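With chain A fixed as given, assemble chain F onto it according to the hints.
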Amino acid sequence: MTTETSIFPPFPVPAELEAKAADKGWPHDLVQRFVNISFPASSIEEWLDRPVPAKDAEHWVTMRERLIFGTIQSRIAMWNDTDALVELFANSAEDIGDWQVTVERGPDPFAQFRLQEDAYIRLTMDRGVAVAASAVARLSAYVGGKKLIVRCTQAFRVRNECRGQGLASLNQEVSRPDYQERTHGQFYYIRPQNEQSIQWLQHQGLSARQTEGAVPGMPATVLLYPARPFEGDMSGIRKARRADAAACARLINETSRGLDLFRPWTATTLRQRLDGFTWADVGLTKVYGWNDYYVLEEDGRVVACAGLWDRGRDVREVWRNEVTAEKKLLETAAVLDLGFEPGREAALARLLRYLIGETHGLGRTHLMVWLQHLPAVESLLADQGPASDPRGLQWRTYATPGRPDPPVTKPHIDLRYW
Amino acid sequence: MTTDTSIFPPFSVPADLLEAAATKGWPEGLLQRAVNLGIPRENIDWWLEHGRSVKDVEADIAQRERLTFGTLRGRAAGERDSRALVDLYANSPEEIGDWDVTVERGPNPFAQFRLQENCFVRLLEDRGVVLAASAFASMNTIVAGRRLLVRLPSAFRVRQGFRSQGLSNLMLSVLPPLPYTFLRGQLWYIRSRNFNGVDWMKAMHMFQGEPPSIDGDVPGLPVFVHCYPARTFEGSADGIRKAGPADLPACVHLINRTHQGEDLFRPYSDERLENVLDEGVWGGKPDWWPHVYGWSDFYLIERSGRVVACAGLWDHGRDIREVWRHRATGEEDVIEPTALLDFGWARGAEAEAERLIRFLLGETQRLGRTHLMAPLQQLPRLASRLEDLSPVLDRRGLNWRVFGLDGNLTDPADPAITRPFIDLRYW
Numbered sequence: 161m162t163t164e165t166s167i168f169p170p171f172p173v174p175a176e177l178e179a180k181a182a183d184k185g186w187p188h189d190l191v192q193r194f195v196n197i198s199f200p201a202s203s204i205e206e207w208l209d210r211p212v213p214a215k216d217a218e219h220w221v222t223m224r225e226r227l228i229f230g231t232i233q234s235r236i237a238m239w240n241d242t243d244a245l246v247e248l249f250a251n252s253a254e255d256i257g258d259w260q261v262t263v264e265r266g267p268d269p270f271a272q273f274r275l276q277e278d279a280y281i282r283l284t285m286d287r288g289v290a291v292a293a294s295a296v297a298r299l300s301a302y303v304g305g306k307k308l309i310v311r312c313t314q315a316f317r318v319r320n321e322c323r324g325q326g327l328a329s330l331n332q333e334v335s336r337p338d339y340q341e342r343t344h345g346q347f348y349y350i351r352p353q354n355e356q357s358i359q360w361l362q363h364q365g366l367s368a369r370q371t372e373g374a375v376p377g378m379p380a381t382v383l384l385y386p387a388r389p390f391e392g393d394m395s396g397i398r399k400a401r402r403a404d405a406a407a408c409a410r411l412i413n414e415t416s417r418g419l420d421l422f423r424p425w426t427a428t429t430l431r432q433r434l435d436g437f438t439w440a441d442v443g444l445t446k447v448y449g450w451n452d453y454y455v456l457e458e459d460g461r462v463v464a465c466a467g468l469w470d471r472g473r474d475v476r477e478v479w480r481n482e483v484t485a486e487k488k489l490l491e492t493a494a495v496l497d498l499g500f501e502p503g504r505e506a507a508l509a510r511l512l513r514y515l516i517g518e519t520h521g522l523g524r525t526h527l528m529v530w531l532q533h534l535p536a537v538e539s540l541l542a543d544q545g546p547a548s549d550p551r552g553l554q555w556r557t558y559a560t561p562g563r564p565d566p567p568v569t570k571p572h573i574d575l576r577y578w
Numbered sequence: 002m003t004t005d006t007s008i009f010p011p012f013s014v015p016a017d018l019l020e021a022a023a024t025k026g027w028p029e030g031l032l033q034r035a036v037n038l039g040i041p042r043e044n045i046d047w048w049l050e051h052g053r054s055v056k057d058v059e060a061d062i063a064q065r066e067r068l069t070f071g072t073l074r075g076r077a078a079g080e081r082d083s084r085a086l087v088d089l090y091a092n093s094p095e096e097i098g099d100w101d102v103t104v105e106r107g108p109n110p111f112a113q114f115r116l117q118e119n120c121f122v123r124l125l126e127d128r129g130v131v132l133a134a135s136a137f138a139s140m141n142t143i144v145a146g147r148r149l150l151v152r153l154p155s156a157f158r159v160r161q162g163f164r165s166q167g168l169s170n171l172m173l174s175v176l177p178p179l180p181y182t183f184l185r186g187q188l189w190y191i192r193s194r195n196f197n198g199v200d201w202m203k204a205m206h207m208f209q210g211e212p213p214s215i216d217g218d219v220p221g222l223p224v225f226v227h228c229y230p231a232r233t234f235e236g237s238a239d240g241i242r243k244a245g246p247a248d249l250p251a252c253v254h255l256i257n258r259t260h261q262g263e264d265l266f267r268p269y270s271d272e273r274l275e276n277v278l279d280e281g282v283w284g285g286k287p288d289w290w291p292h293v294y295g296w297s298d299f300y301l302i303e304r305s306g307r308v309v310a311c312a313g314l315w316d317h318g319r320d321i322r323e324v325w326r327h328r329a330t331g332e333e334d335v336i337e338p339t340a341l342l343d344f345g346w347a348r349g350a351e352a353e354a355e356r357l358i359r360f361l362l363g364e365t366q367r368l369g370r371t372h373l374m375a376p377l378q379q380l381p382r383l384a385s386r387l388e389d390l391s392p393v394l395d396r397r398g399l400n401w402r403v404f405g406l407d408g409n410l411t412d413p414a415d416p417a418i419t420r421p422f423i424d425l426r427y428w
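Residue numbers (the working numbering), protein chains in the order written: chain A, 161 to 578; chain F, 2 to 428.
Chain A extracted, bound-state conformation (with noise of 0.2 Å):
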């Protein structure tokens, strides 16, 4: 773009704080490219003032320069990023041991994310191209009994090709506005083996003692129970509906008091989660919603509930054996928003056993639910032989002096973030 005014950089440099940069040794120029990218005087004079390396600052100042005046852009994705996002995602494997898994996301690469709290996708872009994306959510939950608002980190990926090219730091420079974006804290899954992230992890500051082990972080399993069709008792189970909400959040709240990571629902958010935040109906499909909630009655009562995300219909993992060329496909389901009434474990174990039928109705190679907190459930669903899918929970606080923020010690795991 031309234009004949002087609102663009080159600007003036200050001469105070030219001599102050030289005072400091700043290569030449640097002062000066500090100011083109409109910094504040006074976040160049804290530069100046931090005890650190002008190699740090010429490399952050690097790292802005490309997002300014190159052809690479990082931003929130948009809708019309589709067809660019799916492309991605299918071209931006991971190396699982000897593994590489290929996450897809597809044909609505925002499904999953469009089932979390607040969340957005960080796009990066060369000419048109994306070539780096991951996604962001912002959840209030509890943590150690105190409320905090914490961050999910997901889905980072940066495409085959454009790796070690500095992309996944560019990736996130994309914020939103501090009232949306701030956070007490984030965590974040890590697949055991997956070593480039952790070394990644390494590199942002994480200790050796939260990276290292087999599954770095906490330990996190998931069961994934292979599909197959449904032939037990279906009596009691049916689709949940608007009246039953209100029955559905106290099972779940039941389920699940306590554990860190969690937020009690309501009536309210329950159904708010199931329209799908609109009320309204505007044309657009469903991720998972009231077509997908199941409840089950015994005694003339909601005694359990829980919910079907058909997440293979937009989630796939492509894994490729590097050494031995296998490939195996995992299209999963997702149980989601799971409670029951205390007792009632055979009833949410006969509701799950439904939902696996519901699962291979659906064409989708198993069934993912978080049992970890409800062992005697996961003895009574031993006989479906399910693989476990674990990884490390990692959790990090920005705690305030004098007031840190609790660990995590026995979190909720909710699969829409998983």
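Everything labelled a hint here was simulated from the structure, so no lab data went into it. Just so it is clear, the structure is predicted and the values come from calculations on it, not from any experiment. Note that CB positions come from ideal geometry on N, CA and C, so glycine has one too. Among these hints, one or two may not hold up.
To be verified - For each label pair, taking beta carbons as the anchor points, the in silico distance ranges come out as:
| no. | chain 1 | residue 1 | chain 2 | residue 2 | range |
| --- | --- | --- | --- | --- | --- |
| 1 | F | S237 | A | E333 | 21 to 27 Å |
| 2 | F | R164 | A | L489 | 35 to 41 Å |
| 3 | F | N276 | A | H363 | 36 to 42 Å |
| 4 | F | E66 | A | K307 | 43 to 49 Å |
| 5 | A | E333 | F | D46 | 44 to 50 Å |
| 6 | A | R398 | F | W283 | 32 to 38 Å |
| 7 | F | S237 | A | N413 | 44 to 50 Å |
Chain F only, in chain A's frame:
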């Protein structure tokens, strides 16, 4: 960025597409440009099959190229953009009659948008300088008894000196993330006498046909809010106090009773009002939380131990100022108002509602603001009780269009807005 891979343009053009484009009379190079932009094949096929004019295709492609290959960026604003947005709004006056009106937004340019539902601010930036911006909110609401999802674009500004360069069009291509795109209704206000704005909206095809002007003013349903000059409160503050969480059910009842049935009013629930006053954050506020409007701004009045009226006072002027400069005389006027939000009263408690507003006018004075804005158009009896305060009316045209599920506009807009609820968060 350098790369040895072939994932970047130029891309090869399929021969059959080249042939189809030539048959349709596309100039040489146009198809290559479309392919280089990564426009999906099915889109290009659709353009060719449905006879999209070459002029339209060229304009579309040129627009995309500006945002893809140059230094111009279109994106959602983030936390680093505060200063640049303050600078943009301070340099983007509107012509209103004989006046230049600059709506300055700062120190927190996001303040108003934070109060809106599902709002994001989009901007256009060139080499780190913001050239244009607008906000885009979407909310669940009720119009004529029907539930709708409605979007509310606002605060559209192009920097002075950069107008007529197609930046508005470029900005419209910055879309929100899913799922807020698929909306049924769109609502926007036009300031009285903002005829330049109307011309621009016509050019942007924001109206269906030629919009009727009302009494020679801007198009749309005439709406207004009362602006009461700030003054010291000298009445009785008996029974007036700040609200707490235990007051939520009573206040929700009062607000719903007062506005029930107005178009664009969605009844409050305890949970929703609590979330509003918690400023969207549950639990205690962290030290870094930038306050805009919350519990400390929400008042009620009790009579015989019962809550009979409530109202919130948003210090709008802290972050938003209107600077009016008369082009001929150089006269300057600054409007820094507070705004009345979330108000309601019990049947038969109009006197208390009046007293509470007078009290808030005193608070407005104490804050150093010039006026209190109160949306009382649908509440004329209360407005008449406050006539002695010599309010000025801030008039606007409320424009409304509704899309069917097929994506086409309904004509006339269905459902129609007849008796609008004005929420000053969106004014």
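Status of the hints after comparison with the structure:
1. S237/F to E333/A: 21 to 27 Å: violated (55 Å)
2. R164/F to L489/A: 35 to 41 Å: violated (54 Å)
3. N276/F to H363/A: 36 to 42 Å: Because 38 Å falls inside the window, the suggested range holds.
4. E66/F to K307/A: 43 to 49 Å: holds (48 Å)
5. E333/A to D46/F: 44 to 50 Å: Since E333/A and D46/F have Cβ atoms about 36 Å apart, the given range 44 to 50 Å is violated.
6. R398/A to W283/F: 32 to 38 Å: holds (33 Å)
7. S237/F to N413/A: 44 to 50 Å: holds (46 Å)
Checked against the numbered hints above, the structure breaks hints 1, 2, 5 and satisfies the rest.
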